[in-house]
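Chemist: This is what each chain is made of:
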Amino acid sequence: MNVCVLYSGGKDSNLALLKAVKEHEVVCLLSLKPESEESEVFHYPNIDLTELQAKALDMPLIRVRCPNDERGSLKALKEGLKRAKEMGAEGVVTGAIRSTYQATRFQRVCDELDLWCFNPLWLRDEISILREIVELGFQTVFVRVAGLSERFLGRTIDVKVIEELERLKNYVNPAGEGGEYETLVLYMPLFRGRIEILESEVLRRSGEDATLVIRKVRLCF
Amino acid sequence: MLLISVCRYRLHEEEFVRPVKELVERFDDVEVVRIRESTESEVSGSESLKGNSKDKAVICGTALKDFDYLNFDFSPLLNFRCLLGICAGYQILAKLFSAELSAVKKIGVYGVKAVKQNPLFKSDFRAYFLHRLALKADSVPQEFEVLATQDEEVAAFRVADREFYGVSFHPEVLNPEIIENFAKLRVR
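Chains as they are written, first to last, in the numbering used here: chain A, 47 to 267; chain B, 44 to 231.
Hints are computed from structural coordinates only; laboratory data are not their basis.
Where a beta carbon is used, it is the ideal one built from N, C-alpha and C, also for glycine.
One or more of the hints may lead you astray.
As the list claims (entries may be wrong) - Cβ-Cβ distance ranges computed for the label pairs, FRET-style:
#, chain 1, residue 1, chain 2, residue 2, range
1, B, P119, A, D104, 43 to 49 Å
2, A, L214, B, R205, 58 to 64 Å
3, A, N48, B, D181, 40 to 46 Å
4, A, E125, B, F70, 24 to 30 Å
5, B, E220, A, L182, 30 to 36 Å
6, B, L121, A, E81, 54 to 60 Å
7, B, S166, A, P113, 38 to 44 Å
8, B, E143, A, G183, 48 to 54 Å
9, B, F110, A, R111, 31 to 37 Å
Said to hold, decoys possible - The calculated DSSO-like cross-link candidates involving lysine-lysine, where the alpha carbons are at most 27 Å apart (straight line), are:
#, chain 1, residue 1, chain 2, residue 2
10, A, K131, B, K148
11, A, K124, B, K64
12, A, K65, B, K138
13, A, K68, B, K64
The following block holds chain A by itself, in its conformation from the complex:
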């Protein structure tokens, strides 16, 4: 089946993509670019990198500006999926793990557009996802931490980091869903090259909420 993968550039959407290509034809990636001021400041730098990731993957990328309000973001998702359908997608793959709110939205939009909906990470144990991406050779860094020590920011997720997160498990949601942390994949097995961060800086908002703003990157083949 031809599918579109909902792609944020983080570990979950990249793992979902890897699982999707094993059984289906990925015709495009869909990235929703937040357009609120907060998102511009805190998420924009990393969402913007999806273009470079798509280049590394050699896959077409659909980018849709996504307002911060419920109705606007739903409209953006629908708009993006309609374009994916025009590119031949019959199904959509997401990296959703546990949010029934998100799952309900995706399922309803897919139903409306008559698309198959795949959520291969659904209800996965969060630590097991971290272990899997490390075993698969992903290079993934933390680009935002909230309620988690700033010392994780910019660090690559490896066995040692997972052990640290496991110790903190009672205090944070280790999968980063719900804003505990956000990740960026610099390399995974489908990438033709590796993304290198050349310049970055830490932006602090409040307390333990900090973002790694990536200013300059390059793709090394």
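Fit chain B to the supplied structure of chain A, relying on the hints for placement.
Modeler: This is chain B only, laid out in the frame that chain A set:
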């Protein structure tokens, strides 16, 4: 315990079979059987269940757009002693006993009212639904005991005099205890 996958696409098993497997394998040895392993014919569905000596089975759900499992022959299931049908499995059990499924599309989290005492749940709860077909509470066959409702829909039933249960929602999402309670049921 046997887990029956009716998924047309293997990628959907990650979503509808794996979470159930992770819950039941804490209580029992689990074997997964795919209804569509070789072909999509009716025979394949029936054959893969025949000769399977497990007494207890869970028929897992599948994607909203996946519904041709209703064309398969599931009559070998009647030889099982203890069954739990989740969503698609609920529909399969309904069909096995000639209950009439109505077009009821439900996607999302809704409140469920427990209406009859049973070993799977004790009181009202919220559950995640993802289906296009369901039984209406006012038109179930006589041998169906309605255990829970969601609006006019039968959210859970038991086939009288059998340990066959059907739930129209996905308990693996918000109500893992229902699957655990089923796994703990003693086969008579």
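Chemist: Run every hint past the structure and note whether it holds.
Modeler: Comparing the hints with the structure gives:
1. At roughly 47 Å, the beta-carbon separation of B:P119 and A:D104 lies within the given 43 to 49 Å, and the hint holds.
2. For A:L214 paired with B:R205, a C-beta distance near 47 Å fails the hint of 58 to 64 Å.
3. Range check, A:N48 to B:D181: about 42 Å between beta-carbon atoms, so the 40 to 46 Å window is met.
4. In this structure the hint that A:E125 and B:F70 lie 24 to 30 Å apart at CB is violated, the actual value being about 46 Å.
5. Take B:E220 and A:L182: their Cβ atoms lie about 33 Å apart, and the range 30 to 36 Å holds.
6. The hinted range of 54 to 60 Å is satisfied by B:L121 and A:E81, whose Cβ atoms lie roughly 57 Å apart.
7. At roughly 40 Å, the beta-carbon separation of B:S166 and A:P113 lies within the given 38 to 44 Å, and the hint holds.
8. In this structure, B:E143 and A:G183 meet the distance hint of 48 to 54 Å, their C-beta atoms being roughly 53 Å apart.
9. Take B:F110 and A:R111: their Cβ atoms lie about 36 Å apart, and the range 31 to 37 Å holds.
10. Proximity of A:K131 to B:K148 is assessed by CA-CA distance (about 23 Å); at most 27 Å being required, the pair is judged to hold.
11. Only pairs whose Cα atoms come within 27 Å are accepted, and A:K124 paired with B:K64 is rejected, the gap being roughly 33 Å.
12. For the given pair, A:K65 sits about 34 Å from B:K138 by alpha-carbon distance, which is inconsistent with the 27 Å threshold.
13. Restraint check for A:K68 and B:K64: satisfied, since their Cα atoms lie roughly 22 Å apart, inside the 27 Å limit.
Checked against the numbered hints given earlier, this structure breaks hints 2, 4, 11, 12; the rest are met.
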